[in-house]
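Q: Same order as they appear, the protein sequences are chains A and B.
In case it helps, the numbering used here puts the first sequence at residues 1 to 265.
In case it helps, the numbering used here puts the second sequence at residues 1001 to 1298.
Simulated from the structure, these hints should not be mistaken for lab results.
Note that the coordinates shown come from a computational prediction; the quantities given were computed from them, not determined experimentally.
Mixed in with the good hints there might be a few duds.
FRET-style restraints, in silico, Cβ to Cβ [stated by the list, open to error]:
1. D153/A to P1135/B: 35 to 45 Å
2. T96/A to D1074/B: 51 to 61 Å
3. R1142/B to S35/A: 23 to 33 Å
4. D104/A to D1228/B: 42 to 52 Å
Only some residues are given here: those of chain B computed to face chain A with a beta carbon under 10 Å [to be verified]:
5. L1024
6. H1144
7. L1146
8. M1152
9. Y1157
10. R1162
11. Y1170
12. D1225
13. E1227
14. D1251
Straight-line C-alpha distance at most 20 Å; calculated EDC-like pairs for lysine to aspartate or glutamate [what the hints assert, rightly or not]:
15. K1155/B to D154/A
16. K233/A to E184/A
17. K1155/B to D153/A
18. K1155/B to E184/A
19. K1087/B to D1012/B
20. K1210/B to D1012/B
Ideal Cβ positions, reconstructed from N, Cα and C, are used throughout, including at glycine.
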Amino acid sequence: MADQDLLDNDEPLLVAKSLSKSFGRIAACRDVSFSLYPGEVLAIVGESGSGKSTLLQLLSGQLAASAGHVSYRMRDGVARDLATLGEAERRFLFRTDWGFVHQDPAQGLRMAVSAGANVGERLMAVGWNHYGRIRDTASDWLTRVEIDTARIDDAPRTYSGGMRQRLQIARNLVTEPRLVFMDEPTGGLDVSVQARLLDLLRSLVAELHLAVIIVTHDLAVARLLSHRVMVMKGGRVIETGLTDQVLDDPREPYTQLLVSSILPP
Amino acid sequence: MNAPAYNFAYLDEQTKRMIRRAILKAIAIPGYQVPFASREMPMPYGWGTGGVQVTAAILGPQDVLKVIDQGSDDTTNAISIRKFFAKTAGVATTTATEEATVIQTRHRIPEATLNENQVLVYQVPIPEPLRFLEPRETETRRMHALAEYGLMHVKLYEDIARFGHIATAYAYPVKVNARYVMDPSPTPKFDNPKMDNCPALQLFGAGREKRIYAIPPYTQVVSLDFEDHPFEPYRFNAPCALCAAENSYLDEIVTDDKGGRMFVCSDTDYCEGRQAAGHHGSLSAAPYKEKAQEASNG
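Just chain B, with the same shape it has in the complex (with noise of 0.2 Å):
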């Protein structure tokens, strides 16, 4: 009696059906939220039960997982998700973006570029864009089938006029191969750009919402603004202080009390690869770790 405890990845066979028949609605219709049978998960709402049902629809025996969680591979979040996946799917998992085959995500797009081989998962929370502007779901619904996006025009002018510039910075709306506009899930607007066409599939779940939605390999994706005000990317003005990339999305460290900050890649994977090539940014560990080694050595 040594049958596993669970079914491959979890969930029944019948409901990785159901979800597979979600996916594949959802990426015949770039950007169009399809509505699914979303299931109770082993995790609360907001821990991405969205995210891992379409992983574990998706999932093969020879996909290699990787987690990401605000672009880190060790925060907990990601670490949970990765060894439900490596216990109930066996699977193997990596923390190195070139290696996955599927990347689910929460909240980053890792800054490596990604291939034709890969999956990326997102965990959305809230997958409707007009969801704050107009409440009620019967009208959204209408609103994106008749595709009126006056409203969403009119969350940007707010900005502006409030901020004198669009402060909108993360959950930036799209519009999907001119068709679907559609809430990226809280990504910062600095990887909007990355969306456009990617040679990845995109997709996208919200458990609690009950929806999954799509970004096809190589679709437009334009980030919504005026003539007068452009989208620009945002990004703090600094290098990382461990590996001195001066392109990646940073995250802000509060180390003391005074003021004292850092800035570091958001991405982890990517700094550490970074710092494993011989690039060290300012508050890099790498030169006293030498020196000690001198010092062991003599």
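The shape of chain A in the complex, shown without the other chains (with noise of 0.2 Å):
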């Protein structure tokens, strides 16, 4: 079963190769090529305008990519190329095996439906049939996340950001995904809610050995979470490596000027 393990996490799950994507003359994303492994957190840190959300919706198989591939290795092993897949198993791998969290948490939960709703729907999607059962599994993952379970019949849209922000990574995880894409999950919280939210993250991608594509402006983000980074600027990767190396010993002078610009706390 070790042996397993080692075997899995010896294997990327996700690999990029020289992904580019152009909207008519403009070029979002210049080829970027990267592999994320098993368990592995990455930020993808840079300006506005840089190409990061259009590299995440490149890698979430969102957006058909100009050139280059991505690929993915199923539950079962087998490495398959995002473009090749069905629309069917395309989807069915959102609901299942990935999760995606949106800065706006209104684009990522049905405001309109319960908490317990919200979380139990890619469950039901699954097949789940089975009231109390669906019902219990979601007001464990309400406690995870460190939302009262008093709140489970309650919409969303009576929840507070931080609230919202932790139900929708709540009904992500339910299904246990492997990888989960992340675009701002911090961005419009204050700082306090931020930091519970952080630390929330950080013991649940432990807890859940889950891998991590998490793009941001706030390097803050980046080093508390990620174990590796991608600087992007103008569409291509300029500098990657390990958050420490980068964060504190930054090579290029666009990743020094990012870096020198964050206040003194």
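Using the supplied hints, reconstruct the complex from the two chains, each of which is provided in its own coordinate frame.
A: Structural data, given as structure tokens:
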């Protein structure tokens, strides 16, 4: 069993090969290549307009790449090119083995249905048909993301921003995905709420052995959560490496600028 | 110059061909919503423009038409549609379920068992069962195509979380032929079991939404539910006040402002048939009629 795990961890979960995407004359993403291993947290940082979000959409198969390809190792251990997946397979992947945490929780949640149903939706989508069990699992997950279970029947529109974000995380993790995409998960939250959310994310990532690709412009988030950092500028990856290495000893002038622009606490 | 003012059954032949093609496709793919070029009809949307177009397309000169609205043969909607076809198609009409070959209905399925020679035509306001859960039409079509029906259970989940039981009482979602989830039009869920394995052909027409769908004869129709909250048809716990029926769907009629009410069969033909056969409920007028007869005789 341990050998099996070791073997699994040796192979990358997701491989991007010279990914490019252009919108007309604008090259949003140029020649991006990297591998992501199980349990690894990769932060993509850069200023707005640097191609981070486009890259995230390419990686999650929501946009078709102009050149290059992305392959993902499915649960059966076989690596598949995302472009060759049928729509049904891709959507199934999105409901089960992947998670996507949006910056705006309203995009990732159903605001009009209760928190319990929001968490349970993925379970029902994969065929769970027992109300009691769905509800127990949902309430278990609310506890794990530190939401009072007394609010399980309240709609997320009655929740605060931080609670909505935590609910969105619970909704994504309920099917035990192996890879989670996050697009500015702490954007728009105040500092103390951010700190709690990051704390929660860090413990969940370690506990569930999640691989995470997190897009952020906040270097503090990258420093707290990620193992590796990719710095993007003008659609290109200009620097990549271990988080502490890139943030403490930046090589590229642009990265140095980025790091030095953080106000000292 | 005695040419009839209308083509047979109001619609022109090309339109009827178009609707028949949609119907054939709908029968071929049970529960699938087939788009069709719905026409303006001489009645407002919501009065059964879809059902009327389907009826017009399948009606032949030998057919006997029955129209019901909420189970009743003599409400405005039912009478006007019946007269419409009596005038434009010259077909025989009836109120007796057994005699009819085409039954157009709004919100009910007749109590009498249907047979293989009958067609039931439903008037449908909103054909899309996922509409209030997912507002995007492109998305709901994709969900049907990929049979992604988890969302339908979200609705049932919400019902149980809020009310402790599945509180959806009408338009209760069903799965047809183990494939498509379908809105059975706003019939009470009491009627859902009648759709399953029904010998009659069932056609659904939505005029405003421009959709036709169908359940062919003897097709499996399953009401969605949870293992620990199974589907249960609902009925008021009372006998019919006019015919004493214990197993028919009942309407509640408020009779005064002091909380008085009576429960009567919603299917008027069924109720009248039972009364004619000598069944009398607590509020039946039959005993008084006999007395009046005696008085006039004496």
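Q: Determine for every hint whether it applies to the structure shown.
A: Against the structure, the hints:
1. D153/A to P1135/B: 35 to 45 Å: Violated, at about 23 Å.
2. T96/A to D1074/B: 51 to 61 Å: With Cβ atoms ~54 Å apart, the hint holds.
3. R1142/B to S35/A: 23 to 33 Å: holds (32 Å)
4. D104/A to D1228/B: 42 to 52 Å: violated (35 Å)
5. L1024: violated (27 Å)
6. H1144: H1144/B check fails; min Cβ-Cβ to chain A is 12 Å, beyond 10 Å.
7. L1146: holds (5 Å)
8. M1152: Since chain A brings a Cβ to about 8 Å from M1152/B, closer than 10 Å, the hint holds.
9. Y1157: holds (5 Å)
10. R1162: Holds - the Cβ of R1162/B comes within 10 Å of chain A, reaching about 7 Å at its closest.
11. Y1170: violated (20 Å)
12. D1225: holds (8 Å)
13. E1227: holds (5 Å)
14. D1251: violated (31 Å)
15. K1155/B to D154/A: holds (14 Å)
16. K233/A to E184/A: Cα-Cα ~17 Å, so holds.
17. K1155/B to D153/A: holds (13 Å)
18. K1155/B to E184/A: violated (30 Å)
19. K1087/B to D1012/B: holds (15 Å)
20. K1210/B to D1012/B: holds (18 Å)
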